[in-house]
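Novice: Those sequence lines, one after another, are chains A and B. Sequential numbering of the first sequence, starting at 13, is according to my numbering. Sequential numbering of the second sequence, starting at 9, is according to my numbering.
To be clear, the hints were calculated from the coordinates, so they are not data collected in a lab. No experiment lies behind these values; they were computed from the predicted model shown. Heads up, the beta-carbon is just placed ideally off N, CA and C, and yes, glycines get one too. Hints should not be assumed to be uniformly reliable.
Calculated lysine-lysine pairs in the BS3-like style (CA-CA distance at most 25 Å, straight line) [what the hints assert, rightly or not]:
1. A/Lys-264 / A/Lys-376
2. B/Lys-67 / B/Lys-48
3. B/Lys-16 / A/Lys-203
4. A/Lys-266 / A/Lys-294
5. B/Lys-48 / B/Lys-102
6. B/Lys-30 / A/Lys-212
7. A/Lys-285 / A/Lys-258
8. A/Lys-266 / A/Lys-285
9. A/Lys-297 / A/Lys-285
10. B/Lys-11 / A/Lys-230
11. A/Lys-230 / B/Lys-12
12. A/Lys-266 / A/Lys-197
13. B/Lys-33 / B/Lys-67
14. A/Lys-285 / A/Lys-203
15. A/Lys-253 / A/Lys-14
16. A/Lys-197 / A/Lys-258
17. B/Lys-16 / A/Lys-230
18. B/Lys-48 / A/Lys-242
These stretches of chain A come out as covered by chain B in the derived footprint (C-beta under 8 Å, 3 or more residues) [stated by the list, open to error]:
19. 102-113
20. 213-226
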Amino acid sequence: MKTIKTGNEAMAEAMRQINPDVVAAYPITPATEIVMIFSQFVADGLVDTEYIAVESEHSAMSACIGASAAGARVMTSTSSQGLALMYEMLYIAAGLRLPIVIAEVNRALSSPINIHGDHSDTMGARDSGWIQLFSENSQEAYDNIIQAVKIAETAKLPVMVTTDGFIISHCTEVIEMVSDDEVKKFVGAYKPARFLLDIKNPYTLGAIDLQDYYFEHKRQEAEAMRNAGKIILDVAADFDKKFGRKYEFFEKYKLDDAEIAVVCMGSASGTTKVVVDELRSKGIKAGLLKLRVFRPFPYNEIIKELSSVNALAVLDRSDTFSAYSGPLFTEITSSLYTSLNSKLLTLNYIYGLGGRDISTEQIKSVFDDLAKISQTKKVENLINYIGVRE
Amino acid sequence: MDKKLGWKELPEGDILEAGTAKNFKTGDWRSSRPVYNPEKCIQCFICWINCPDSSIIVKDGKVVGIDYEHCKGCGICAKECPPKASAITMEAEKK
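Build out the structure end to end from the sequences listed, making use of the hints.
Specialist: Spelled out as structure tokens, the structure:
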């Protein structure tokens, strides 16, 4: 069914169709609408979810962890400082292997105070053991949320699905929705192997681990993340078979024979596609690799796709303040280096912090730089900032 | 459980069977030990209520002694034992 939805509406609708057992949330801009709309669904009796209003995001994630451990299918939604307030509990959710799903709307982190979209909040949680799926638009946000439930429950790892704050969360787009029944059938019933409310089989969850077992549990978690890659692809293949929309670790946009290419995530990939089309019409072999899955990071798959590329620009919508580069750049370049494809000329652009727009002209200038580098075989500025006033 | 499990055999997500605290001996943490004197005991059960480690042994409805495998020597039992009875006293733990 074709319908018009904002990113937030799309994610809330997906949550309604999934009908989770428990949602605990503390609404925050720009994700506020997701739980606002969802709580209306609860009030109207469209879902039989237990909605828990809490007093902070730390409590929201804590309640989610408790409910998930008790055996419920659990979801929440947050953004920015809210996600940051959850950080401590994010590690606990992942460490206890609880399949919680967050509809996360990307927003800058303070200070200075800013409510608009960039990836710094999600990037701060990149090592918390959560699977991270990035969405280019409302359609992908909707599709990713539905897939996330299955991925989480199969991988026994929590998943966050992101959209770019305001750019996707508050913009209306035409999306294709699946019927309620089909979603219900796709996600199926949640049957955890062990749950705390199973009084016939009592067990202890989250005991102290210290030197003798902590390391082994973390090793398991690392393995679970490694195995999650295949699960993500399997769920995507199933989704494609049932609903006809194809998802992978990333989308290759005119990348197969590209000589110069851009890697980016989220809404900027739509803008980049326009530029790629324009350059292609002029006979320039430009391409885009739009990353969908940031955790687990698909190292091997990415390297394979970049084998024909001469010069590569990595666009980061957040900075690490490491005095080096953005987070995506370090991941991409380390994959290239260890694959011995260290000859690929690669450079980093940090853009769009605090919701600043990125224009087609700016992305075109990135491709111009790439064309030059491709000829001279020399990268003059490794780390660049686009759209910032000098 | 003498052999420690490797990461492949370990239950996922820090899961333990219920009631494992019973097998986890914590008595070696103790630096002073409570000594129970049954002749002075008035069977008020105040020590049993207050013991944070469930280390007061009760048999057939009577306090009969102290579980030294789990008692950490906190001294709460001795402190709470009614002064008139003073059936529990703390002594330094012998090495």
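Novice: Hint by hint, say whether it matches the structure.
Specialist: Results of checking the hints against the structure:
1. A/Lys-264 / A/Lys-376: OK: A/Lys-264 and A/Lys-376 at ~18 Å, within 25 Å.
2. B/Lys-67 / B/Lys-48: Given that 25 Å is the threshold and the Cα spacing comes to 17 Å, the pair holds.
3. B/Lys-16 / A/Lys-203: 23 Å, holds
4. A/Lys-266 / A/Lys-294: Holds - the C-alpha atoms of A/Lys-294 and A/Lys-266 are around 14 Å apart, at most 25 Å.
5. B/Lys-48 / B/Lys-102: 24 Å, holds
6. B/Lys-30 / A/Lys-212: 19 Å, holds
7. A/Lys-285 / A/Lys-258: It holds: about 17 Å lies between the C-alpha atoms, which stays within 25 Å.
8. A/Lys-266 / A/Lys-285: It holds: about 9 Å lies between the C-alpha atoms, which stays within 25 Å.
9. A/Lys-297 / A/Lys-285: With Cα atoms ~13 Å apart, A/Lys-297 and A/Lys-285 stay inside 25 Å; holds.
10. B/Lys-11 / A/Lys-230: 19 Å, holds
11. A/Lys-230 / B/Lys-12: 16 Å, holds
12. A/Lys-266 / A/Lys-197: 34 Å, violated
13. B/Lys-33 / B/Lys-67: At roughly 21 Å apart (the allowed maximum being 25 Å), B/Lys-67 and B/Lys-33 satisfy the hint.
14. A/Lys-285 / A/Lys-203: 41 Å, violated
15. A/Lys-253 / A/Lys-14: 19 Å, holds
16. A/Lys-197 / A/Lys-258: 19 Å, holds
17. B/Lys-16 / A/Lys-230: The hint holds at about 11 Å.
18. B/Lys-48 / A/Lys-242: Violated, because 69 Å separates the two Cα atoms, which is more than 25 Å.
19. 102-113: With 4 residues closer than 8 Å to chain B, the region 102-113 of chain A meets the three-residue bar; holds.
20. 213-226: holds (count 9)
Of the numbered hints listed earlier, those contradicted by the structure are 12, 14, 18.
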